[in-house]
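Student: Chain by chain, the residues run as shown.
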Amino acid sequence: MSEQIKRKSDTKMVPFPSRAIVPERDLGKRPVLECSHLGIDFGGLRAVDDFNLTIGKTEIAGLIGPNGAGKTTVFNLLTKVYQPTSGTIMVNGKDTAGMNTAQANKLGLARTFQNIRLFNQMTVEDNVRIGLHNQISYGMFPGILRLPSYWSGERKQHEKVMELLSIFHMENMAGEKAGSLPYGAQRRLEIVRALATNPSLLLLDEPAAGMNPKETEELMDNIIKIRDQFQIAIMLIEHDMNLVMGICEGICVLNFGKVIAKGTAEEIQQNPEVIEAYLGRQKEDEQ
Amino acid sequence: MKKTTVSRLLQKYLPYVIVIAAFVVCQSMISAGTMPRTTKSLLIPVCVYIVMAVSLNLTVGISGELSLGHAGFMSVGTFTGIVIAAYVREVFGCSEALQLLIAIVAGGVVAGIAGFLIGIPVLRLQGDYLAIVTLAFGEIIRNVLNCVYISLDGSALRFSFNRPDLPGKLLFRGPTGATGVSRIATFTAGFILVLFTLFVVLNLVHSRSGRAIMAVRDNKIAAESCGLDVTKYRMMAFVTSAALAGMGGALFGLNYSTLTPANFSFNASILILVYVVLGGIGNITGSIIAATVLYVLPEELRAFADYRMLVYAVVLIAVMLLTNNQTIKNYLNSLRSKLRGNDQKKGGALHE
Amino acid sequence: MTMFLSNLISGLSLGSVYAIIALGYTMVYGIAKMLNFAHGDIIMVGAYICFTCLYSLGLPPAAGILASVVVCTLLGILIERLAYKPLRQATSLAVLITAIGVSYFLQNLAQMIWGANPKSFQTVIPAGNLSLLGGELKISYVSMVTIAASVVVMVALSLFVGRTKMGRAMRCVSEDKGAAQLMGVNVNLTISVTFAIGSALAAIAGVLMCSAYPTLKPTTGAMPGIKAFTAAVFGGIGSIPGAMLGGILLGVIEILGRAYVSTELGDAFVFAVLILVLLIKPTGLLGKKIHEKV
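Protein chains in written order, with my numbering: chain A, 1 to 287; chain B, 1 to 352; chain C, 1 to 294.
Among the clues, some could well be false.
Covered by chain B, according to a simulated footprint, are these stretches of chain A (three or more residues, beta-carbon under 8 Å) [to be verified]: (1) 89 to 102; (2) 115 to 125; (3) 128 to 134; (4) 140 to 150.
No lab work stands behind these hints: they were computed from the structure. Even for Gly, the Cβ is constructed at its ideal location relative to N, Cα and C.
Start from the sequences, fold in the hints, and give me the full structure.
Tutor: Here's what the structure looks like:
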């Protein structure tokens with residue numbers, strides 16, 4: 001337990017505007033994400049209702065809740081895979097109303113998927129190059145005619161790809177087909193690809209799913225390393241409570257599409273509603 | 001180490017090598033006078049069908065969308081090319097080579113525009129629906145062409161819909177199509193057009209835009225989440241494919257004295273699709289070989305021609321069943337990894 | 001006015017043929033989730049079988065119809081088992097290309113057996129007309145039988161899918177093959193039965209269509225097949241009343257388009273309708289919306 005708290009670098013969480021909390025170090029900066037009253041209906045079913053969340057500029061946030069609580073739906077709303085029925089999403093102070101997924105990405109939202117979505121027929125390097133698509137670019141005709149901008153663009157992309165792959169020590173896999181990688185490597189490649197789009201908020205959907213405890217430990221260190229190196233915010237959905245309690249500074253608990261608690265790991269662990277809906281059952285199981 | 005670089009270079013430029021080698025062989029046979037006349041008459045259509053197959057492979061293999069209306073774009077290019085060639089000959093008195101060049105460019109441009117206009121509705125759909133709508137557009141193009149009349153009146157082109165009584169010399173008359181076309185297409189032009197098509201398609205595939213097209217094919221939602229404008233890249237592949245088909249069509253049109261819209265029916269689209277599928281979806285070299293072999297064989301073996309479509313059908317089904325058979329797939333994969341394993345071992349030994 | 005009514009009735013009659021074909025299409029698409037491109041060619045086979053029975057073997061019309069239904073049913077099951085079943089896990093592109101291959105195979109096989117020259121198919125239904133409005137409006141018996149047949153088929157099919165055990169299995173398989181299998185539904189049998197029913201309907205449609213339009217060629221089924229698919233999409237793929245409605249509307253649009261706008265552009269109209277429907281309401285008139293899970 002003490003080791004987990006050390007990982008979090010003893011950040012104090014402070015109230016921001018009124019209901020929300022952000023890490024103290026982000027207080028003077030504009031939050032990367034501000035959702036208010038977000039909601040979506042699926043033919044009468046209110047999958048997410050009155051979802052409010054603020055994420056600080058360099059915060060590591062957790063989104064937890066029982067299966068079917070609507071966690072992935074929140075990600076889909078944020079990245080505009082679904083258009084919200086109500087509410088607003090502000091990314092770096094800009095309203096994303098009416099935007100599509102690609103535009104939300106350009107605004108700074110990148111994500112991974114619960115059921116991995118790589119470009120399976122393409123190489124690892126090309127997968128990351130797709131992430132760099134809008135970062136290092138040249139047009140269709142320079143590409144066909146092999147103009148100087150093609151050569152310099154390709155070279156810059158290659159250098160950046162290798163730099164990004166080195167985060168997870170995956171440089172030696174650059175030439176392999178993404179679809180043929182082992183499961184853990186596929187999850188890491190998805191994170192690299194998302195990082196390549198130069199996001200200000202990285203959304204990770206169950207990044208530790210299917211990983212063994214050792215891999216999960218490495219992943220926790222890497223998530224913190226990514227945050228520190230790129231100075232970005234990270235929000236993750238995860239069922240592994242060690243990971244969530246170990247690295248998440250602000251945690252939001254969702255149940256039946258509604259937020260039932262928000263706060264630090266300690267606060268969440270003490271919250272009676274959370275214990276009843278989620279952690280409580282787990283504690284009983286443990287006993 | 002050097003060996004792998006050579007083999008990689010060869011692999012990269014294999015389509016060009018095959019085409020250039022084939023051209024050199026054919027040209028030397030022609031100048032030596034050893035090529036039979038019937039074979040010689042196949043050279044230009046073969047070039048055209050290579051262009052058609054490679055361009056359709058861009059849509060079906062690289063972009064991952066089944067288009068069943070490729071002959072529609074070809075026909076647009078064909079009749080544009082025929083009309084424009086006659087126009088520049090009569091009005092500007094251009095040389096034959098220039099006529100051919102202008103006709104091919106015009107065929108490509110008009111087919112590209114048609115591809116763009118048709119792409120707007122088509123690319124909002126996916127999968128089976130997209131396929132059936134491309135088929136529908138192919139048929140609509142043919143239906144509309146059946147009603148179009150174009151004449152050259154002095155130095156002006158005149159168009160009419162469903163009314164053959166145009167002033168001047170009729171260049172295109174609805175269901176009767178184009179007749180008395182001057183056959184200015186040459187094998188060299190066909191060869192250059194094939195090289196041009198390969199240049200465009202291969203360079204596009206190995207560039208930022210091409211990767212985006214393949215990313216959209218592999219996983220549309222992931223591509224969007226990486227900030228890719230999905231419609232833009234699907235459209236890019238679709239229009240490029242249509243424009244190349246139009247260029248091939250223009251060359252095709254100027255190789256025959258008579259062509260009608262009925263020549264470009266659904267069956268023609270399927271024939272091109274057969275080339276693409278049998279050459280290997282996404283495999284450009286395969287398209288070149290399949291188009292050549294499958295076009296030349298039945299023409300050379302007249303007796304076989306009656307059964308041609310029957311055999312095509314059986315082969316089409318068999319190829320699909322075999323390439324999707326899990327046992328065979330597993331076997332090929334294990335074979336491939338075994339080969340690669342050997343390669344790596346050799347590489348390791350070299351480094352030591 | 002009588003001209004319009006007469007066109008309307010030919011439209012209804014043609015639409016009824018489309019509807020019967022579309023019913024088969026929609027069932028196969030709903031359950032096997034594949035576009036059975038060869039469905040139209042089963043129509044052609046059905047018509048040829050009936051033709052052979054009537055003219056080469058001299059059998060009575062009822063025996064001809066029965067023979068064509070039996071042959072097509074078996075053919076449908078055979079095609080599914082040999083060509084489509086191995087591709088259950090394959091991409092839709094692979095399945096569609098295979099179906100195109102089957103379609104070509106049937107057309108070319110028919111050409112080898114019966115020749116490429118069109119055969120003149122004589123109606124199995126007594127020729128003649130019902131005269132109305134003092135003889136100004138004539139309705140052929142063929143039209144009446146066709147329209148009646150399509151209504152009977154639709155009602156029977158709705159009852160079968162809605163009320164029988166096999167029908168329930170079909171609905172179950174169409175929603176989730178895996179879950180259906182876990183619940184003890186024989187998925188392979190269900191899919192075979194679906195193909196059998198679809199092909200039997202195609203045979204009936206073939207005989208009715210060739211009674212109204214008596215030219216029989218190896219490619220006779222291709223265009224009506226595509227139009228029937230259009231009709232199924234128009235009405236909402238997977239929906240039985242939708243296929244019926246789509247078929248009838250499409251037939252009427254085609255005949256009225258030919259009569260009042262342009263004869264040459266009749267087919268273009270049908271396809272324009274398909275494109276418009278897919279763009280405005282991709283799920284068709286009576287279809288349901290499907291979400292992709294992310």
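Student: Which of the listed hints are not met by the structure?
Tutor: none
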